[in-house]
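There are 2 protein chains.
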Amino acid sequence: MRQPPASLDPLFKPRSVALIGASDDVARIGGRPLRYLREGGFKGAVYPVNPKRDTVQGIGSYSSVAALPEVPDVAILAVPAQGTVQALRDCADRGVNAAVVFSAGFAEASEQGRLAQDEIAGIARQSGMRVLGPNCLGLFNAGIGYYGTFSAILDAAFVEPGPVAVVSQSGAYGSHIAHLARQRGLGIGQWITTGNECDIDVAEALRWVIDQADVKVVMAYAEGIRDRDTFVEALEVARAREKAIVFLKVGRSDVGAQAVSSHTAALAGSDAVFDAVLRQYGAYRARTTAEHLDVAYACARGLYPAGNRFGIFTLSGGFGIQMADDASACGLDAAPMPEAAQEELKAMLPYASPRNPVDATAQALTDLPLMTSYIAAMLEKGGYHLFAGIFGSGPASPTFSAKLRQTLRTATAGHEGRVLALSMSAPAEIVRAYENDGFLVFEDGSALVNALAALVWFRRSFDAAKATRPAAPAAMRIAPPHGALSEHEAKSLLRAAAGIAFPKEALVRPDEDAGAAAAAIGFPVVVKICSPDIAHKTEIGGVIVGVRNEAEARDAARTILARARDQRPDARIDGVIASPMIKGGVETIAGVVRDPTFGPVVMFGLGGVFVEVLKDVTFRAAPFDVAEAQRMIHEIRGFALLEGVRGAPPTDIDALAEMLSRLSQFAADNAELIESIDLNPVLAMPRGEGVMPLDALLVPCRSGS
Amino acid sequence: MRQPPASLDPLFKPRSVALIGASDDVARIGGRPLRYLREGGFKGAVYPVNPKRDTVQGIGSYSSVAALPEVPDVAILAVPAQGTVQALRDCADRGVNAAVVFSAGFAEASEQGRLAQDEIAGIARQSGMRVLGPNCLGLFNAGIGYYGTFSAILDAAFVEPGPVAVVSQSGAYGSHIAHLARQRGLGIGQWITTGNECDIDVAEALRWVIDQADVKVVMAYAEGIRDRDTFVEALEVARAREKAIVFLKVGRSDVGAQAVSSHTAALAGSDAVFDAVLRQYGAYRARTTAEHLDVAYACARGLYPAGNRFGIFTLSGGFGIQMADDASACGLDAAPMPEAAQEELKAMLPYASPRNPVDATAQALTDLPLMTSYIAAMLEKGGYHLFAGIFGSGPASPTFSAKLRQTLRTATAGHEGRVLALSMSAPAEIVRAYENDGFLVFEDGSALVNALAALVWFRRSFDAAKATRPAAPAAMRIAPPHGALSEHEAKSLLRAAAGIAFPKEALVRPDEDAGAAAAAIGFPVVVKICSPDIAHKTEIGGVIVGVRNEAEARDAARTILARARDQRPDARIDGVIASPMIKGGVETIAGVVRDPTFGPVVMFGLGGVFVEVLKDVTFRAAPFDVAEAQRMIHEIRGFALLEGVRGAPPTDIDALAEMLSRLSQFAADNAELIESIDLNPVLAMPRGEGVMPLDALLVPCRSGS
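The listed protein sequences derive, respectively, from chains A and B. Residue 705, in full-length UniProt numbering, is where the first sequence stops; the numbers in between run on with no holes. Residue 705, in full-length UniProt numbering, is where the second sequence stops; the numbers in between run on with no holes.
It should be emphasised that the hints constitute simulated quantities derived from the structure, not laboratory data. Some hints here could point you the wrong way.
[Said to hold, decoys possible] Pairs of lysine-lysine residues, derived as BS3-like cross-links and limited to a Cα-Cα distance of at most 27 Å, are as follows:
(1) B:Lys504 x B:Lys615
(2) B:Lys504 x A:Lys615
(3) A:Lys583 x B:Lys583
[To be verified] Beta-carbon label-pair distances, calculated as ranges:
(4) B:Arg287 x A:Arg687: 34 to 42 Å
(5) A:Ala272 x B:Asp566: 34 to 42 Å
(6) B:Gly644 x A:Cys701: 33 to 41 Å
(7) A:Gly541 x B:Ala272: 26 to 34 Å
For glycine and all other residues, C-beta sits at the position ideal for the given N, C-alpha and C.
Based on the sequences and whatever the hints tell you, model everything.
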């Protein structure tokens with residue numbers, strides 16, 4: 001089923017294009033693409049198809065696809081929904097490699113539309129012709145002047161080619177972001193909108209654009225993902241090649257998710273899982289359109305800092321403080337200048353603040369050599385990986401701006417490998433000049449800091465992926481479980497197949513002596529009912545803790561078995577479990593759930609009030625290694641509790657990571673058999689003493705029962 | 001000492017202005033203001049003072065202030081630091097009412113500068129002349145064309161008068177925000193920068209601008225506040241008059257706070273306290289410059305929604321979902337349209353999504369009457385207090401834009417009382433046209449939602465201040481404590497003077513019978529050392545819990561007294577306390593600390609891991625009433641714990657609020673006597689059962705000891 005990425009080449013890089021439904025009116029859906037293809041510099045053949053006309057927009061037109069003098073690489077269909085299926089059949093019959101379907105009125109509109117869309121998908125599948133859409137705005141490849149879109153934003157001006165690719169499910173969002181990028185002077189090489197995704201989805205488009213040499217950053221937009229494997233592969237390839245994917249995924253809120261389902265047919269998995277998967281595979285999630293653009297803009301140079309030391313140059317204390325606040329919030333390190341360098345700067349201007357932010361005061365505006373010395377000292381002696389200068393509206397003055405540019409060029413010469421950024425407000429042509437000098441320019445200082453922090457994030461993510469990773473712990477394929485499992489069975493299975501170490505425990509059959517079994521475990525013990533049919537043991541009074549001797553153990557077993565028989569007469573009763581009372585440690589929870597998009601996903605969190613009140617949990621798609629598990633554990637807000645607070649010892653985080661990774665491998669290897677796993681609680685014991693999962697619940701898939 | 005607000009009238013609304021150090025060069029500090037006064041339309045008299053010239057910029061000049069034909073209302077000093085003190089003396093001698101000192105080189109620069117600044121402050125104090133600065137950019141009052149500033153941003157164009165006032169400690173920030181406001185088409189009536197604040201500070205400037213009829217919103221910037229009472233008064237008056245104060249306060253982070261102290265002389269109190277005080281008195285804290293501007297822009301119409309129901313109109317599902325996500329994050333209620341109205345909209349366009357976001361699809365772009373019907377239905381039937389339409393770059397098209405404007409005007413006619421906003425990207429002149437039609441216009445949809453949520457926040461804050469508030473619980477002035485207090489003394493004092501109900505307890509002197517006393521309390525009890533010199537009782541083993549009978553109580557008392565004598569031989573020992581063991585409830589903490597800026601401040605938080613790991617605490621300046629205490633309690637992240645989780649009963653939040661309010665009244669009434677109070681833990685018992693403060697530590701001020 002899965003086609004190789006190169007199967008999209010005819011779509012993105014056609015040598016010839018047929019436009020079915022070509023129109024003379026350049027404002028119409030069938031007229032715009034033709035105008036764009038004519039005026040955009042496309043070198044290939046363009047064939048208008050319109051049975052009613054001899055020429056369209058001055059170009060010779062053809063009555064049908066069959067009548068074309070050659071087989072076009074791509075056919076763009078600007079025909080109404082009801083004519084689409086037949087037009088696509090004609091294309092397939094002629095052997096066209098790829099088609100773009102603009103028309104709406106399919107799965108998003110009605111049941112009838114859904115059926116028609118299924119027909120389109122069928123044609124694609126049977127013929128091998130790749131189909132983009134329906135209900136999409138098409139695509140463009142600016143480098144070859146190929147504009148296969150009717151997006152109105154090109155009416156005013158074309159988008160210049162550049163290092164950015166746009167991959168968007170939504171045509172409106174894709175258009176808007178292209179408009180904003182153009183305003184920002186940011187070139188877009190490849191741009192594609194996938195619409196209803198009957199064949200080509202965001203994941204596959206992403207996979208293709210990542211392979212293009214000129215693409216340095218991708219701005220992606222989706223409401224959900226269809227093809228998990230291609231998606232993860234695209235993210236992994238991008239990360240390996242140090243190409244940044246900046247993702248805007250909507251449907252964070254309940255209202256938003258509801259609107260997603262009423263809007264498109266995309267399966268919206270849990271937003272928290274999607275969020276975690278992006279992080280896990282190194283894609284950056286933007287929260288707003290402004291951030292989407294700012295971060296992509298910063299990434300477009302492909303320059304990622306080797307560390308997070310951040311030097312701030314300012315002419316006004318207030319601006320410097322504000323940026324230092326932002327830096328702190330974003331995890332950038334506004335480390336002070338070395339003492340000796342501070343002394344030197346102080347000697348030049350006694351009332352300057354040379355620490356960091358380095359405040360040369362308004363004096364530097366009139367004494368530009370002073371500014372040069374200060375900035376050069378920061379780059380030479382401060383060891384900053386990132387530098388920002390705050391200039392407000394100063395550069396807007398045409399007379400002053402030229403002098404300031406020269407000053408900044410001189411001061412930063414030889415440091416082109418650093419990330420150099422300016423916060424300033426000026427007309428576009430002045431901003432372009434500073435950008436050409438090598439500076440990233442942001443109007444808002446907070447946006448600057450956030451985007452620079454994103455560069456640091458990408459650098460760390462690229463490096464983490466390259467690091468020699470420990471081999472994933474082994475796991476075993478299990479036989480399909482025959483129905484529900486008891487706690488004891490679940491633990492045995494996870495111990496054997498996943499290598500998870502549970503504390504020793506004894507299963508005591510109803511006719512066996514609970515006293516002796518408990519004694520062998522060692523008092524005090526906890527006694528629990530063991531039944532595949534009783535998942536919530538406390539509800540029937542099926543747990544007795546603090547059992548101190550053999551007599552109490554026998555009593556407890558008797559009591560529990562009686563309660564179970566009484567309250568769940570139909571339940572299969574395996575007996576009771578006697579297990580040691582474990583003291584100390586920090587209560588955590590771990591589990592596996594099946595995400596509709598990403599399949600088995602591991603959840604981790606702190607137990608008790610943290611999960612109950614604060615929902616302080618985190619996710620990762622299975623499988624993942626121990627390093628990823630470490631990152632996962634460090635993400636929770638209450639992480640400090642695992643490091644020890646109030647004099648408590650630090651816990652065995654390594655063992656916790658090992659357990660989560662093993663669990664993930666097991667979940668991935670047996671994905672089709674397992675609906676969910678709960679290990680709750682898992683006590684994280686003091687460092688060196690491991691983890692103690694005290695309970696296990698494994699729910700097999702219905703198909704596996 | 002405190003001067004009435006009207007004492008700033010001559011500064012802000014002068015009838016005549018002297019410019020000391022006037023210069024012919026309009027790019028110089030002494031030339032710019034003269035040019036601005038000449039060209040800005042100022043109707044009053046302008047007197048250049050320059051002993052070396054007969055005319056300056058073509059105006060007759062005077063050799064000295066003494067030589068002026070009348071006493072000017074205000075003197076603007078554009079003279080170097082070393083000439084400032086003498087020039088100010090001359091002004092004071094002449095009886096000038098107000099002066100502006102531009103020059104830097106005072107307290108911010110050196111010890112010598114600090115002494116000179118003290119001299120300036122002395123002149124102001126003695127003469128009653130109000131002094132702005134030094135080290136400031138001055139001020140302007142655009143309505144009367146009075147530009148007493150050398151800010152370079154006016155070189156290009158004046159700032160139009162309007163409903164915004166700017167009050168900024170930082171001249172650079174004040175200039176930048178004025179530049180951005182001008183770009184946004186936002187008029188600024190009053191603009192003032194306070195610099196080193198030797199006399200007039202941000203608080204007093206704020207107090208003055210709030211009194212001006214044309215001011216609807218204030219953009220304030222400060223690194224810290226000097227005059228707490230004037231500041232709080234300004235915030236309260238603004239709130240009572242429904243004028244929005246949007247505050248950017250820097251120094252959130254450690255690095256930032258460090259830079260504050262190296263930058264100006266402002267006392268930077270705890271940022272968390274400042275944050276809480278802004279919230280308490282109804283000022284909105286902006287986190288970024290962009291947000292500062294966006295929120296002020298939204299407030300500038302003085303239109304605050306009666307509720308938070310938010311209708312979203314979109315032509316593209318994706319944009320709608322994104323905005324719904326933002327709305328949810330900001331607390332706006334994207335409530336669905338009534339079912340019947342949805343049916344009607346669906347009947348007009350079957351594949352629309354009429355719920356909310358209301359998605360009329362791209363169809364509405366070509367069918368504008370459909371758009372009219374949809375939007376009109378939202379306003380008429382949706383009950384939305386706020387409305388946003390998402391239009392991307394569509395309005396940038398000059399031909400389409402006029403039709404769209406007409407459509408929106410028709411659709412919204414008669415709903416001018418609603419907050420109507422558009423997310424769109426277009427050239428400034430097009431944006432202005434939509435604004436004139438009554439719409440707030442934002443380029444970024446997330447910024448739009450955030451600003452609209454701020455309007456809702458202001459409305460609630462205005463209303464809360466107007467609500468009939470319960471009388472503050474009474475508190476008593478206490479006699480200055482003679483040194484440190486024991487736990488028992490602290491509790492007695494707080495019980496008597498603040499009305500805080502502690503569980504009954506017995507103080508057992510060393511020679512009394514602990515057994516009988518404990519029995520009177522009722523077993524089990526906890527026995528604790530009672531000494532004014534032992535604040536941390538557990539450190540010496542001074543607490544024994546779970547004491548079950550008289551013999552155990554006597555043993556416990558003996559043991560504790562022996563430990564205390566052994567480990568703290570110098571401590572005064574009052575005896576031991578026997579108090580009941582309280583079960584149940586949720587552990588909280590309450591306390592009082594002295595903030596260097598705001599004086600006594602009450603702290604509240606959840607106990608245990610919440611405060612240890614998550615620092616989940618909140619503050620309020622004392623005193624405050626029960627309603628404010630309720631808001632305070634609701635602010636903590638772990639609030640759900642107080643409402644009951646995992647089947648636990650809801651706690652007595654009313655009693656908690658009552659206690660916090662009482663504590664605040666006590667702290668305010670005895671502010672100069674109390675360094676800190678700790679009530680830790682305070683058990684919040686089930687609803688109706690009150691709160692149980694189990695321990696009290698009261699540290700008197702050193703001066704009170």
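Hint by hint, here is what the structure shows:
1. B:Lys504 x B:Lys615: violated (31 Å)
2. B:Lys504 x A:Lys615: violated (38 Å)
3. A:Lys583 x B:Lys583: At roughly 22 Å apart (the allowed maximum being 27 Å), Lys583 of chain B and Lys583 of chain A satisfy the hint.
4. B:Arg287 x A:Arg687: 34 to 42 Å: holds (38 Å)
5. A:Ala272 x B:Asp566: 34 to 42 Å: About 56 Å separates the Cβ atoms of Ala272 of chain A and Asp566 of chain B, which means 34 to 42 Å is violated.
6. B:Gly644 x A:Cys701: 33 to 41 Å: With Cβ atoms ~36 Å apart, the hint holds.
7. A:Gly541 x B:Ala272: 26 to 34 Å: violated (47 Å)
Checked against the numbered hints given earlier, the structure breaks hints 1, 2, 5, 7 and satisfies all the rest.
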